[in-house]
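J.: Spelled out from the first residue to the last, the chains are:
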Amino acid sequence: MFNKVLIANRGEIAVRILRACRELGLQTVAIYSEADRQAMHVRYATEAYLLGPAPSSESYLRGDKIIEIALKSGAGAIHPGYGFLAERADFAQAVEDAGLEFIGPSASAIAAMGDKAIARETMMKAGVPVVPGTEGTELLSDEELLKLAPDVGFPLLIKATAGGGGKGMREVTNIEEMPTLLKSARREAKAAFGDDNVYLEKLILGARHIEIQILADKHGNVVHLTERECSLQRRHQKLLEEAPSPIMDDDLRKRMGAVAVQAGQAVNYESAGTIECLVDSEKNFYFLEMNTRLQVEHPITELVTGVDIVKEQIRVARGRKLSFAQEDIQVKGAAIECRINAEDPHNNFMPSTGRISHIVLPSGPGVRVDTGVYSGFEITPYYDSMISKLIVWGETRAQAILRMRRALAEYKVVGVRTNIPFHQAMMDSHRFMGGQFDTRFVEEEFSMEEIVEGKETFPDIAAIVATLVMHDQTERAAHVVRRGERDTSNWKWLSRWERLNR
Amino acid sequence: MFNKVLIANRGEIAVRILRACRELGLQTVAIYSEADRQAMHVRYATEAYLLGPAPSSESYLRGDKIIEIALKSGAGAIHPGYGFLAERADFAQAVEDAGLEFIGPSASAIAAMGDKAIARETMMKAGVPVVPGTEGTELLSDEELLKLAPDVGFPLLIKATAGGGGKGMREVTNIEEMPTLLKSARREAKAAFGDDNVYLEKLILGARHIEIQILADKHGNVVHLTERECSLQRRHQKLLEEAPSPIMDDDLRKRMGAVAVQAGQAVNYESAGTIECLVDSEKNFYFLEMNTRLQVEHPITELVTGVDIVKEQIRVARGRKLSFAQEDIQVKGAAIECRINAEDPHNNFMPSTGRISHIVLPSGPGVRVDTGVYSGFEITPYYDSMISKLIVWGETRAQAILRMRRALAEYKVVGVRTNIPFHQAMMDSHRFMGGQFDTRFVEEEFSMEEIVEGKETFPDIAAIVATLVMHDQTERAAHVVRRGERDTSNWKWLSRWERLNR
Amino acid sequence: MKYITTIDEKEFLVEIIDDRHVSIDGKVVEVDFESIQEQPVFSLIVDEKSYEAYVYHGEEGLEVLVKGRLYHSVVEDERERRLRAASGGAVAQSGTLHLKAPMPGLIVAVSVEVGQEVKKGDVLLILESMKMQNELKSPRDGVISRIEVGAGDSVEQRQKMLSIE
Amino acid sequence: MKYITTIDEKEFLVEIIDDRHVSIDGKVVEVDFESIQEQPVFSLIVDEKSYEAYVYHGEEGLEVLVKGRLYHSVVEDERERRLRAASGGAVAQSGTLHLKAPMPGLIVAVSVEVGQEVKKGDVLLILESMKMQNELKSPRDGVISRIEVGAGDSVEQRQKMLSIE
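Protein chains in written order, with the numbering used here: chain S, 207 to 708; chain W, 207 to 708; chain G, 1266 to 1430; chain P, 1266 to 1430.
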């Protein structure tokens, strides 16, 4: 049984896993690219090894090097987190071949479920409804896909077979634009997963994206931890998730949960996994894909069920039985997660790079922040733009929303733009409050500007502050004020502040 | 029904209450002394009013001025927090007389229960066992107390009638030392509560300090939220609390809960309150006192029951019924709170004043921090030394302990000494882990040094770090290195750091 | 001292009277302004209303975050204002605009050609960065006068990519 | 460059060889030392073991917090060490010790008299501050040579209260 874990990831999820290991009394090995030498996960781990240059292909995607480091450091297990190598069956196999424990499902389960086309076929065979699309598991060329597209019907989606997180995904409304979109989807998939294969799927309109979390051990126990509502997306990237789903009822939860457990059993699943489904307005659900790894949004499930999913993953990887049974899982209260991205919501969600000169995290009752950044952290263009996850719990959905408003108001990031204003507008949106939305809501019906417009603004206060700050700065420059311990000026100025902002 | 609340307090509890108000959509009024102009609670509130100079007697104890500000600002209610005016019946009465809502029990309930001597009598009449002591409710002179002492029996405790939090409390082992101890107890009580009356109570040896949280509304509903274990104290100051108590069983919980509810009903109690008891090794319990206010340690109850006590206080003050009944209260998992004090545990817990030049709060799953301090905060000698509360939740007590270890390791405070090393040693103590302790444990049996001694140390690492830092500093001073954006030196130095530490 | 302070295109006349008083558009208000130690944070109490402001230098002027909203400010004293007025004021508005890369990345596609007329909001090019394809749009109407990058090029942050007359 | 670095009374001979190598008590180790931006925090990786250190200036020398433990350090180069050795080194140890107030407060009681012999750990006086009565104990054996405060006095931080020979 292993006592040292290598975490093959970076950012908030590396820190999340390190925390779980520490709480289990396990030693930890961090790996890092040259861009991440100062990162929290490097400082937080027992050991840290340099992987290579900043680009993922030369660092976090170097499975060979990672296994080499695991062996050298004496780590008995590798936790892949999400993204990077998390859903690469070849990596899982290589880890196993090296005599190490892969904290996740078996390579064969990843191959069966991780490949979206094979997964669809597996589920169809098990009698689970799937979204219509290109059936079969062979890899298809652009020519073949263009030929199959009219049968699937427009609008349709191009999806990466190795995919997840909306990467390599394109929406196609007609055959004419399809060749170009195929090309860009393949390019993005290649960059994100090192695999440019894609398949087609019918686009179901008015649907909600609801997923079921499962956990399974090596002893054949598969339990589902109920659902997460993930319909709020932009360009197929989830922005905000909640548990439970506002549309869920006991019957639907039972049915979806049963299918999720069945899906896990069909591939002898082990560890944490997620069954993603589309649910239409009649509450019919369709299997979409299975993510054979930890999800970004796993914390909301942790908050409503009380189960620590990452610790449980590690426990079952060590051969233990699940610490709970299906009947122990009860949903209590409601949880919401806002993904805080370094993106400017006022400017088409353009990613924002640069140094976070100052950050204030919200805290207090019912608030959890999972992050890997800190005051002084440099956001580089090499990795994705998510800098943290803000997660709240409330006794009811309404209280969770009110708490999220409070937490967002406390969250301050100086130096880069973030999508906090987007989340604030969402928390004020009547459609969101009413639970009335589908997967197209953010892109097609939600207007941040409209919601912001109605709010009270304080341009006069901003004017006073800006003027006092500039005035003081000018005065100082002119008089070369001596900087003593005590400054009697009322709008005294900090040299650090000046230095930071010049 | 009020829509604006004045918070008659400072520090972490003011921030806690402000957060609750914000989550309820209420406007807030902060008050502050001259020492607290930069404080978080001032910046966090909708409005802020200066009270007066730093000493409490000229600021946070000025009830008259606070009511005046409430009226001026249009606040309809006052939340007193804990300490300061929270248990002053005259203040509660004055608030009511001014036509404002006091977020707490009625003046008569405070008078009946807040005065420890009257409370004892009330409970005795209701048939609840109390710790033997000076019975009766008249105020006693030193002479009278000295005469009664032998009947109570030594060892005994001198306690402030207006008291709480160990202030004005003294342990007496013989009659000879009693006059001096009476004097110092009265002086401390006067300073803390503006009232120097004291009474005597037998000291029960080997006892645990266990308290029951109650909540009551204006409609006669009184519910208890189960117990908190508060035996870990030093000089009668709680240092660390947990819920549930390791010694609790269903029967004892039921009996103690019933008595707590009965105590509340006896005085038509409203709002949050706590029944403090001593429990001896045979699980007999004795009523000690009732705290007619929010407790410092309320968050651990919030974490195991899911009830937001502060929000519930505000709701019932607005005339609402309690949002739950007794049967809804279930204990889930375990919670621990460590009070983080600016005290040097290596030097007799001497308070530490000065500026917090840098602070890193722990975060992530199951961790909550309630605090009013930040990087740059100045700890003054005017108020108490508690700078924050670190609270964790775990599925089991063992997991909560492991999580607390993790969180304490993440908690970094630079610039002042804190008692974090004390808590770390406690989390490593076998006696604590086994739940085997009483109220004398910290003072008489716990040795931080002994526990720390067994741990691995890193003097060589400290030596390398110190040398590299000094070397770099010297080099810089000698060569007057130009400070460019990019510094090629490997142990580059930050001017802010230098400035901070010179 | 008098200043003309522009907040998101709205002008305010702000006069600093003394340490506790400011007039804004002629109205005198009592201010209690405090810099929070070690942080780019200011606390302003005006008529007992409490405001917390996070302030940092932006492209031009200060960025001020108040109650969840970011305000762009330009503060000028009377002399600066006169100088700018004399030099023609908003001339830059109608001159050449250089589109610079907001972050390092890879040019996926350039959607315009030299000589092409563009409207505000038209997509000019697609820049791949942070694993996302980002459409860069025209900030105003104009004509493309120069293109300095092509599909497949890597660009550095703030590198000039194309110009609009 | 060679240094004699004292950590909590234990001496280390530390030589800085180059940017990546240090020898400690004669043993050469590879170090990767990095200052974290904006924070008094350093990351040190030695033989792939990762250490995070919080460093600040204490009364004398640097205070270094590593893995939850605070180390007091004094770093001297060879020249400084020689100078100190020449001037008698630990002389201050046996000279006069001035007890200063660790924080502002009120003297509740003075438990000793001038001329009285005290042992290390004996209570010298009681200082009330932060709503607590704090016993100040003698840091070493000696004789009280001077008392400058009495019960009821207010003292400022670092004010001299009494002296021990």
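Simulated from the structure, these hints should not be mistaken for laboratory data.
Warning: the hint list may mix true and false statements.
[Unchecked claim] Rough simulated footprint, nothing fancy, chain G against chain W, three-plus residues with beta-carbon under 8 Å: (1) 446 to 459; (2) 582 to 596.
[Unchecked claim] One side of the interface only, derived from the structure: several residues of chain W facing chain S at Cβ under 8 Å: (3) 222; (4) 228; (5) 232; (6) 440; (7) 512; (8) 521; (9) 569; (10) 575; (11) 604; (12) 608.
Only a predicted model underlies this, so the values are computations on that prediction, with no experimental measurement involved.
The beta carbon of each residue, even a glycine, is placed where N, CA and C say it ideally should be.
J.: Indicate, hint by hint, whether the structure satisfies it.
T.: Going through the hints against the structure:
Here the segment 446 to 459 of chain W counts 0 residues with a CB under 8 Å from a CB of chain G, which misses the bar of 3, and the coverage is violated. With 3 residues having a beta carbon nearer than 8 Å to a beta carbon of chain G, the segment 582 to 596 of chain W meets the requirement of three or more and the stated coverage holds. Hint status for residue 222 (chain W): holds, given a least beta-carbon distance of 7 Å to chain S, under 8 Å. For residue 228 (chain W), the shortest C-beta to C-beta distance to chain S is roughly 5 Å, which falls under 8 Å, so the interface hint holds.
With a cut of 8 Å, the hint placing residue 232 (chain W) at the interface with chain S is violated, because the nearest CB-to-CB distance is about 11 Å. At its closest, the beta carbon of residue 440 (chain W) sits 26 Å from a beta carbon of chain S; the interface hint therefore is violated under the 8 Å criterion. The interface hint given for residue 512 (chain W) holds, since its Cβ lies 6 Å from the closest Cβ of chain S, which is under the 8 Å cut-off. The criterion of a C-beta within 8 Å of any C-beta in chain S is not met by residue 521 (chain W), whose closest approach is roughly 11 Å, and the hint is violated.
Given the 8 Å rule on beta carbons, the hint for residue 569 (chain W) holds: about 5 Å separates it from the nearest Cβ of chain S. Here the hint on residue 575 (chain W) is kept, as its CB sits about 5 Å from the closest CB of chain S, short of 8 Å. This hint is violated: residue 604 (chain W) has a C-beta 10 Å from the nearest C-beta of chain S, more than the 8 Å allowed. This hint holds: residue 608 (chain W) has a C-beta 5 Å from the nearest C-beta of chain S, less than the 8 Å allowed.
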